[in-house]
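S.K.: Listed here are the chains, written in short residue letters.
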Amino acid sequence: MPLDIINEIGIWISAFFILCVYSWLYRYNRFFKFGEHTLIGAAAGYYFVMGVRNIMNISIRGLSLGKYYQVIPLILGLVLYARFYRKYSWLMRYGTCFMIAVSSTIYFRALIVTHVTQQIAATIEKVSLASPLLALNSVVIVGLTVFTMMYFMFTNRFTSKVQGYDFINKIGRYGLLTALGFYLGITVMTRLAFVINRLEFLLFEWLRLPTF
Amino acid sequence: MSQLVRRQIPIAIMVILGIVLFVDFFFKVPETYVAITDEIKSFNIVVAGFALGLGVFNILEIHGKHISKRTPEQWYYSVWLIIVMAAFIITGLGFGIQAESFKFLYQNFFMPLDMTIYSLIGWLVIYAIYIAFRARTVETLFMIVIFFFALMGNAPVGAAIWTGFPDIRVWMETVPNSAATRGYYLAQSIGAIAMGLRTLVGKTRAGLE
Amino acid sequence: MSLGDKLLDIPEFYVYLVLLVLLVVPLIKPFGLPIALTETSRKYFNTVESLEPGTYVWVTHDAMSMTELEIGLSSHAVLKHLFQKEGIKIVIGCIVGEGPMFFEQTLKDVGAYEKYLEGYGTKYVYLPFVAGDEAAAAALATNIEKATGGVDYYGTKFEDLPLMQEVNNAEDFEIIFCVDEPGWNSVIWMNQWAVPYNIPMYCNPLAGVSASLWPYIEAGQIQSMLVGSKGAAEYELLMKAPGRAVAGMDAQSLGHIFLLLLVLMANIVYGSKKVSGEK
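Going line by line, the protein sequences match chains A, B and C. The numbering used here puts the first residue of the first sequence at -19, with every later residue one more than the last. The numbering used here puts the first residue of the second sequence at 35, with every later residue one more than the last. The numbering used here puts the first residue of the third sequence at -12, with every later residue one more than the last.
Some hints here could point you the wrong way.
[As the list claims (entries may be wrong)] For each label pair, taking beta carbons as the anchor points, the in silico distance ranges come out as:
no.	chain 1	residue 1	chain 2	residue 2	range
1	C	L7	A	K67	49 to 59 angstroms
2	C	N33	A	P(-18)	43 to 53 angstroms
3	A	I(-11)	B	I202	42 to 52 angstroms
4	C	V5	A	I40	55 to 65 angstroms
5	C	N155	A	S44	19 to 29 angstroms
6	C	Q152	A	S44	20 to 30 angstroms
7	A	I(-11)	C	W171	31 to 41 angstroms
8	B	L175	A	Y145	21 to 31 angstroms
9	A	Y49	C	E(-1)	39 to 49 angstroms
10	B	V204	A	M133	26 to 36 angstroms
11	A	Y145	B	I202	24 to 34 angstroms
12	C	I255	A	Y8	30 to 40 angstroms
13	B	T197	A	L114	15 to 25 angstroms
14	A	L114	C	S263	25 to 35 angstroms
Because the hints were derived from the structure by calculation, they are not lab data. The beta carbon of each residue, even a glycine, is placed where N, CA and C say it ideally should be.
From just these sequences and the hints, can you work out the full model?
M.R.: Here it is as structure tokens:
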């Protein structure tokens, strides 16, 4: 089958699925449910294939090259599937504990440097009294950083016993509102970009409308 | 014996691996040690690969039940779901992910659906902001003011309406937003480090459920 | 129901309809509203422009369907620019499963695919998807061969790829470009590559996520970023090659104004009802 016809069929299939999903904006219906189930099946199948490729590249290839210790991750991975057999589901713990140990240690060991020490250093480095604006900025930066952190970390059981802590809580809360309000204002662009992309596909690739 | 094999040994594996990887990051260690930690990380990639496949078996379990029990208004959707899943697996493993058939399935079945479902958020966010952003309290009013300046500063046309909008946005993102976000990250990171230390000393229940 | 009540509770259908019209019209007939350039985009562009021949560049292309909707615009622009540079050596890595499905198509769209094929193995290598998120990034940082099993995306062994004899871990690279990231993946690459190995890093996050990346830029952990679709439009203008990103900016502007007017109108009506004592 010529490539043009295959591409055209693909565009029509894509447009059909886009309209199935957008029909939800009117109300939940069979077309949306059809699209939803297609996506779940596609995602599960796709990630299964990518997972198998990972296993083949590292462990199976390693075994073929004589690295027999590569059988260890194969066993640890296979025991994850023990969850489907109630009697042996405890075996799954070996796989999950391995993954949790590696992932969480790699994550939190980096946090100590990137999110704590370097961020504290950055806060202190920003302090500057070279001009009134810079001095104001310094006060805002240090104050908001410290008070927002305290607002998150300390519970009411502690803060209710400390006189004047309400002020710190209030500043921390306003700091959080600043970050959230700013995030919401900026994120509108992302959400609109999502919609514009789909409209561009429907208008210019499916309907082939000209631009002026 | 049962507790040893079902609980203590998995926890011991977690503690030993955690300490080994922790030391590797902060201390100068011999090359053999580095080689061992490299292998541990590559093992994790393989185990993560197995975890990616869990979804398929979960789906077969849940939707297989729908098909066998002929759940009304559901079983035929489940049949279609399994057909699509099988199509991806057969083409992906049989012909490879570079084959045109697999790319066709991905570009015309997975991609448009995934993208469009995420784009629904765009429509909903506009309506949700209109409904939710009412200045009922001083704090909401404050947030709306920040939202206004962030929106106009970021909008492409904002600078054309007033040249001050981008400047205010730049000040907001580099000073108050950056400071408050940093404070939040510091608190969150200290919590995450505490959870990580619990893993290192074996006091966590994660992975044992 | 009074007019005020109706304005406070406009049915979803009408809001979506007006938004649809406001987005479709400028896509079909662009107005050409001006786009101001920001410092962050200029810095990003200047860095790519000043890359010297022989520089080892680590590019991450963690594309997902969701992020491709917005970041696809900036990743197209940056990849086009990178592949225009002569003499630089690029290794592309990916820790998101969908990345491989977008990469080659992106190169074809920007007209860099021929150059990529010509220089493959000596100047460019595309690594396979590596599962495990942050643990995968950490594994790639210390030993790329072990993390990928010693093969590239096409199954070619590293022994047959001259470029992979020159690089094997993060220390061998001089700069990082996270050209297609959901945003939180930028933090992963920063945690495992940029900060531990002191490598300058540039990223293309979603506009919404960029707000939370500012502490890292202020701390010098990330050098600069292209913020969402506007960053992509600015980059296209800097490259003097306006494309899809620039074309979408008018629709973005109208969408923003529409939302702002809705919120202002709702708050004015709400405020006046509150002042007049109505419930």
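S.K.: Look at the Cβ atoms of T197 (chain B) and L114 (chain A) and judge whether their distance stays inside 15 to 25 angstroms.
M.R.: The hinted range 15 to 25 angstroms holds for T197 (chain B) and L114 (chain A), with Cβ atoms some 22 angstroms apart.
S.K.: Between the beta carbons of L114 (chain A) and S263 (chain C), is the distance compatible with 25 to 35 angstroms?
M.R.: violated (46 angstroms)
S.K.: For the range 39 to 49 angstroms, tell me whether the beta carbons of Y49 (chain A) and E(-1) (chain C) fit it or not.
M.R.: violated (58 angstroms)
S.K.: Falls inside 55 to 65 angstroms, the C-beta gap from V5 (chain C) to I40 (chain A)?
M.R.: holds (56 angstroms)
S.K.: Can you let me know if the beta-carbon spacing of Y145 (chain A) and I202 (chain B) is within 24 to 34 angstroms?
M.R.: holds (31 angstroms)
S.K.: Between I255 (chain C) and Y8 (chain A), does the beta-carbon spacing fit 30 to 40 angstroms?
M.R.: Cβ of I255 (chain C) to Cβ of Y8 (chain A): about 34 angstroms, so the range 30 to 40 angstroms holds.
S.K.: Is it true that L7 (chain C) and K67 (chain A) lie within 49 to 59 angstroms of each other by Cβ?
M.R.: holds (56 angstroms)
S.K.: Tell me if the beta carbons of L175 (chain B) and Y145 (chain A) are separated by a distance inside 21 to 31 angstroms.
M.R.: The hint (21 to 31 angstroms, Cβ to Cβ) holds, given that L175 (chain B) and Y145 (chain A) are roughly 24 angstroms apart.
S.K.: Is 26 to 36 angstroms a correct range for the gap between the Cβ atoms of V204 (chain B) and M133 (chain A)?
M.R.: holds (30 angstroms)
S.K.: Cβ-Cβ distance between N33 (chain C) and P(-18) (chain A): within 43 to 53 angstroms?
M.R.: With Cβ atoms ~45 angstroms apart, the hint holds.
S.K.: Per the hint of 42 to 52 angstroms, is the separation of the Cβ atoms of I(-11) (chain A) and I202 (chain B) within bounds?
M.R.: Check passed, 50 angstroms falls within 42 to 52 angstroms.
S.K.: Could you tell me whether the CB distance from I(-11) (chain A) to W171 (chain C) stays inside 31 to 41 angstroms?
M.R.: holds (36 angstroms)
The structure does not agree with the numbered hints 9 and 14 stated previously, though it agrees with the rest.
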